[in-house]
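Colleague: Sequence:
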Amino acid sequence: MLLKNCKLVGKKELQNILITDGKIKEITDEVLTVEKAVDIEGKYVLPGIIDPHVHFRDFEQSHKEDFLTGSMAAAAGGITTVLDMPNTQPVTDSMEMLKKRRAAASKSIVNYGFHFAASTENADMLDRVNGVASVKLFMNVSTGKLMIKDPEVLEKIYAKAKLLSVHAEGKQIEEAVDFHSRTKNKVYFCHVSAKSELEFLRKNKKSLYIEVTPHHLFLTDEDAKKLGSYGDMKPCLKTKEDAEALWKGIEKGVVDTIGTDHAPHTKEEKEGEKAPSGVTGCETMLPLLLDAVNKGKLKMEQIITLCCENPAKIFRLKNKGRIAEGYDADLTVVDMNLEKEVKNEE
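With our numbering, the residue at position 148 of the sequence shown is 135, and numbering never jumps.
Heads up, some of the hints might be wrong.
[As the list claims (entries may be wrong)] 16 Å max Cα-Cα, derived EDC-like pairs, lysine to aspartate or glutamate:
1. K171 to D114
2. K30 to D322
3. K171 to E142
4. K149 to D111
5. K51 to E255
6. K51 to E256
7. K94 to D53
8. K182 to E238
9. K143 to D165
10. K182 to D208
11. K227 to E209
12. K136 to D165
13. K(-9) to E13
Simulated from the structure, these hints should not be mistaken for lab results.
Could you build the full structure based on these sequences and the hints that come with them?
Modeller: Put into structure tokens, the structure is as follows:
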């Protein structure tokens, strides 16, 4: 297959991308003649977006979403690879459950990978867990009962996990950095949402990565008041000053990735007495970021760095995150002139 007249970031001339067996075989501005060609008509072609933080439910929560519907939402939003979080029901904290999770994910229409849950029971074997993006540690309350407070267990987890994704907020961020400082392993801080947290991590940014989410970039606590339970998430929405600090962190290169923390619930659950935390994001992250590009708040190069190159490097996703010969042909075509209203019924 040939994609003709592609606008690539960093290239002055429109490019033609030749794809063979799912791989990028050639990128050139010269005319190529093949049997099957698609004219991109000068639109941007980006590396397929990588979302390092989704909750695709399934199993006992398949009434909310499963890997088919979740991956359809991802594809609709230009995401070609997702990494699924382990606070599932049942929890993905054993090799047996990981195997079942892989089987369930076979119905996905996008590429997928998994994070593995740290627990008090499995802390001793975390250095032997292979084939996962990272080990996920919950140091704050979140969906599920995976929060760990025991200092001895925490120290063991930080020592064992080669790459640890951490849910930590407030003072727990400082505790996490303290544990991290005693090891040579790497730590990925999920959904950093406050100015104070970002500043602390910036000052201690050695072998650690920082993720932010679209909702903490584009919404504030003022929006939460209007949204009610639909704006309930963990971490909660913060002030305008916090949101601006996250944007500044992107500008200064302090932030490494943007992940959706896509966490769907049913309408009935969100409007119930005890509404669960979580919002969706797979379909809307890239459109929101592209809108920020059009408004001059973000550069296309930054989207590629934050949503393609860095996630691929951090989570060791081979042949992904770039448009280059020999890489997987995971590509996202975007129309920068398209205007679309996001509607709940769609």
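Colleague: Looking at the structure, which of the earlier hints fail to hold?
Modeller: The structure conflicts with no hint, since it agrees with every one listed earlier.
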